[in-house]
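Novice: Given these sequences and hints, build the entire structure.
Each chain, written out:
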Amino acid sequence: METDRPKDRPWVMRTYSGHSTAQASNDLYRLNLSKGQTGLSVAFDLPTQTGYDSDHALARGEVGKVGVPICHIGDMATLFADIPLDQMNTSMTINGTAAWLLALYIAAAERQGVEPQALQGTTQNDIVKEYLSRGTYIFPPEPSLRLTSDVITYTVKNVPKWNPVNVCSYHLQEAGATPVQEVAYALCTAIAVLDTVRASERLDAAEFTAAVGRISFFVNSGVRFIEEVCKLRAFGQLWDELTCERYGVENPKLRRFRYGVQVNSLGLTEAQPENNIPRIVLEALGVTLSKDARCRAMQLPAWNEALGLPRPWDQQWSLRIQQILAFETDLLEYGDIFEGSTVVEGKTSAIKNAAWAEVERVMDMGGVISALGYIKEQLVASHTERVRDITAGDHTIVGVNKFTETAESPLYSGDSSAILKVDEAAERDQVARLQAFRATRNQAEVEAALSGLRAAVLNGENIMPASIRCALASVTTGEWTQTLRDIFGEFRAPTGIGGAAAARTVDGETAQELEELRARVRKSAATLGRPLKVLIGKPGLDGHSNGAEQIAVWCRDAGMEVVYEGIRLSPEQIVTSVRDEGVHLVGLSILSGSHLRLVPEVLTGLRAEGLSDVPVVVGGIIPEDDAEDLRQAGVARVYTPKDFEMLRILSDMVEVAEASA
Amino acid sequence: MTQLPHSTVDALVNFNRQAIARALNLLEDRRPNRQAQALTLLDTLSTLPASAHVVGLTGPPGVGKSSLISRLIEPQVQDGRRVAIIAVDPSSKVSGGALLGDRGRMQLPNQVYARSYAARDRLGGLSREAFSAVFLLRHCCDVILVETVGVGQSETDIATLADTTVLVVQPFSGDLLQFIKAGVMEIPDILAVNKSDNQELAQKALADTQAALSLARRPAPPESAAWDSPVLAVSATTHLNIGTLSQALSAHWQHLQTTASLERKRAAQHLEWGIGEIVHEVGQRGLAALGGVEGVRAAWNQQPAHWSVVRKLSVLLEDVQYRPSS
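Just so you know, the sequences run in chain order R and L. Counting along the first sequence from 1, when you hit position 276 you're at 276 in this note's numbering, and nothing is skipped either side. Counting along the second sequence from 1, when you hit position 151 you're at 151 in this note's numbering, and nothing is skipped either side.
These are computed hints drawn from the structure, not numbers from a lab. Watch out, some of these pointers could steer you wrong.
What the hints assert, rightly or not - Below 16 Å or equal to it, Euclidean Cα-Cα: the simulated EDC-like pairs (lysine to aspartate or glutamate) are:
{"#": "1", "chain 1": "R", "residue 1": "LYS253", "chain 2": "R", "residue 2": "GLU207"}
{"#": "2", "chain 1": "R", "residue 1": "LYS291", "chain 2": "R", "residue 2": "GLU358"}
{"#": "3", "chain 1": "L", "residue 1": "LYS93", "chain 2": "R", "residue 2": "GLU515"}
{"#": "4", "chain 1": "R", "residue 1": "LYS161", "chain 2": "R", "residue 2": "ASP86"}
{"#": "5", "chain 1": "R", "residue 1": "LYS523", "chain 2": "L", "residue 2": "ASP29"}
{"#": "6", "chain 1": "R", "residue 1": "LYS253", "chain 2": "R", "residue 2": "ASP292"}
Claimed, not checked - Far from chain L by the CB rule (all over 12 Å, computed), these chain R residues:
{"#": "7", "residue": "ARG202"}
{"#": "8", "residue": "LEU254"}
{"#": "9", "residue": "ALA357"}
{"#": "10", "residue": "GLY508"}
{"#": "11", "residue": "ASP580"}
{"#": "12", "residue": "ARG637"}
{"#": "13", "residue": "PHE644"}
Claimed, not checked - Label pairs and their calculated CB-CB ranges:
{"#": "14", "chain 1": "L", "residue 1": "VAL94", "chain 2": "R", "residue 2": "SER417", "range": "44 to 50 Å"}
{"#": "15", "chain 1": "L", "residue 1": "THR259", "chain 2": "R", "residue 2": "GLY367", "range": "48 to 54 Å"}
{"#": "16", "chain 1": "L", "residue 1": "TRP307", "chain 2": "R", "residue 2": "ALA57", "range": "49 to 55 Å"}
Cβ coordinates follow ideal geometry from the N, Cα and C atoms, glycine included.
Specialist: Following this line, the structure appears as structure tokens:
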């Protein structure tokens with residue numbers, strides 16, 4: 001083993017961030033860069049991700065919450081003010097509107113005097129995992145894949161250092177995927193994307209090979225870090241074989257599995273949140289230990305992410321973890337330390353074989369788009385199993401279901417002081433600036449750019465040149481997206497909850513508890529006059545549906561009749577459903593931080609329909625101060641990540657429903 | 001029986017959706033005092049016109065019934081017609097619970113009333129509550145679309161509830177066509193081959209389906225002879241032939257009215273509903289005590305014609321409770 005070899009170059013260090021306004025986010029980015037961060041990772045707010053301007057009715061309460069609002073080239077220019085884009089590596093978590101945000105980025109660079117050829121970075125641009133897990137899709141699969149393909153064919157020719165697609169297995173793991181499922185379904189997505197590019201016939205053979213080489217991945221890393229090492233080795237080997245065999249790429253450099261990583265958020269706990277720091281360190285090891293399968297870029301969550309939005313200091317702590325790993329330890333001084341390990345090789349090939357079998361199964365179903373319903377059901381089923389194991393204590397989580405005794409934490413006293421609160425004035429400020437921006441535009445230029453966009457879409461031309469013209473003509477995010485909505489229509493993804501059964505394999509104490517709960521639900525029918533019927537609703541633009549899906553599945557398995565309509569409902573739609581369906585209880589799930597806006601709107605709507613006697617419970621990442629406000633407003637119960645015992649939540653819901661009968 | 005406020009009935013026949021929802025909650029409620037109120041409500045309504053066209057859509061899971069319903073209601077709502085939707089999903093045999101997900105698969109305009117039911121302990125694709133819900137809604141709106149999941153024989157169940165039955169299949173639904181050919185399954189009033197996005201595929205599927213229908217053994221009661229069940233290639237995605245399907249629905253509704261089949265059909269449905277209620281209340285033994293299905297039918301037909309369904313039913317139920325089970 002050589003120790004005098006040159007040290008490897010560290011990965012790009014980022015923090016997923018952005019909030020409130022472009023100005024506030026620019027301040028944060030420059031602060032982070034001054035602390036030694038080497039790239040940027042832009043979090044956009046939900047209206048931007050789903051293609052609405054900040055003053056759209058659906059954007060109410062969501063502006064600047066989970067990321068930065070970007071409505072036009074002015075916002076984009078502000079976001080990167082004093083950050084030279086020819087020297088920056090920028091990753092943008094943007095999917096449904098990826099083509100548009102890239103167009104804005106290219107236009108903003110042009111205004112800085114930077115040529116597209118000089119731009120480096122990544123657009124996430126993976127619509128399949130949006131359908132399966134993350135929920136910020138807009139259009140149906142076919143036009144969505146066309147947009148993805150347009151971005152790829154455009155960047156290969158014009159922005160050659162850009163990663164046009166970051167195929168995500170990250171969100172599959174967050175949705176419950178096992179390592180095998182994570183690898184398999186991400187590869188299926190990459191196949192769908194590259195097959196679409198090839199079928200578009202826009203690239204010659206050399207350009208297509210270059211496009212394959214630009215495909216990158218965005219993966220997740222959990223606390224079972226040895227398995228993660230093996231997963232990533234398997235991933236790399238499969239990608240190498242796939243690109244060689246299916247796409248005929250001869251140059252091994254272009255077949256290399258390039259990936260960025262955000263380590264696991266699913267496993268971070270609200271209880272004893274300081275324990276998340278060792279978890280994050282171990283998860284970071286999973287993607288750095290093996291030189292042959294090391295990440296190209298890394299972003300780490302903050303220790304208090306399960307409590308709310310992290311503060312700059314919390315993000316700094318996570319950046320320091322990366323820096324200690326890269327610059328203090330000897331991690332980067334060795335070749336691959338697992339070379340020749342039969343244990344690692346055995347595990348790697350087991351994952352590889354099982355993943356490839358699953359890829360073939362999906363391909364037999366006609367590919368990832370035809371198999372969306374199947375895959376979603378598999379993910380919900382895996383996640384259900386995980387929740388069941390935690391509930392049954394088969395899956396140990398320190399501080400949550402074991403070793404729960406704790407001294408008082410000096411870092412966190414249970415109130416909202418340890419998180420960042422987005423200033424409610426930020427939304428008003430953003431809306432006012434947007435309206436002022438619109439008033440100063442040359443309307444004729446805007447119209448001309450939009451009709452050029454329409455023509456490009458209808459004629460099957462690449463969408464990028466027309467989109468860049470729109471960006472330069474001051475078209476807004478809402479206008480660009482609406483033009484496409486009018487042509488492509490909108491899509492609703494499968495919910496996947498039909499195929500999962502929480503109770504199928506519970507045993508022991510949990511089975512006993514579940515039986516008791518079922519008896520209790522059956523008995524409630526006597527008090528209620530008919531079987532207990534509940535509605536699980538996801539108001540707002542937030543697409544993180546795991547929690548809502550799990551509650552729906554478990555309620556069904558406890559014997560309740562469950563109305564579940566999927567994501568992105570307006571408070572009005574929820575109120576209509578509550579009225580029409582005659583439910584006994586409403587459960588709302590909100591993870592975007594806009595609970596203080598959306599929940600009261602539902603409560604007001606219910607009162608207006610004479611339904612104030614229907615109790616409402618709320619689940620989500622809700623700080624205690626906010627929970628108290630919600631209870632004051634009339635919410636019967638608030639459940640947070642602290643309430644991990646599913647059966648206890650359900651039993652509590654029955655009690656609430658009975659009390660209101 | 002308890003007195004019913006006029007305002008409730010007025011609100012119902014005027015398609016007040018708050019009132020409809022409350023009335024449907026009441027119909028489901030098994031507490032004795034609520035049952036009495038429910039019967040009064042149904043009895044009062046039976047004297048009023050029941051003018052809604054009840055369309056039943058059935059077919060195997062995944063053929064796109066919900067999307068098809070979304071397409072069918074668009075023009076109805078635009079024409080200012082009052083539309084109600086009833087969707088029935090299966091209940092789990094183990095837990096008794098159910099996932100009611102059809103709402104999420106439909107694009108529902110705000111003017112529509114939609115309610116989901118769990119099939120609960122009823123076999124076949126229907127729910128017991130769906131019968132009384134449809135009975136009530138017939139007085140409240142212009143068209144009712146009922147969606148049920150059916151596999152094989154249970155598709156026929158919907159005919160005991162709907163004026164017009166539409167069987168939705170997708171290209172190459174071999175099994176269903178076998179059922180029709182073998183005469184296991186009744187011929188639907190309209191057969192829609194959904195997902196006919198691809199012309200070639202659609203043509204082939206149409207030919208298959210028509211061939212199956214022509215081979216099917218028709219029971220051919222005289223009055224239905226005049227209706228020739230159309231087979232339509234449709235697509236909820238590309239909107240192919242949605243207009244033609246709507247026209248076929250109107251044509252069948254017209255046909256039922258001009259041939260007086262509607263009255264006969266609904267009388268038979270009421271009897272079916274009555275038998276279902278009797279079995280639910282007193283079980284198969286009770287039904288046997290009444291002389292089985294035949295006995296109930298005879299007793300039903302002997303009751304004065306102007307009696308409401310509810311009255312007929314309550315008399316029969318009272319009757320059975322005083323008979324010793326044999």
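Novice: For which of the previously enumerated hints does the structure constitute a violation, in increasing order of number?
Specialist: 2, 11
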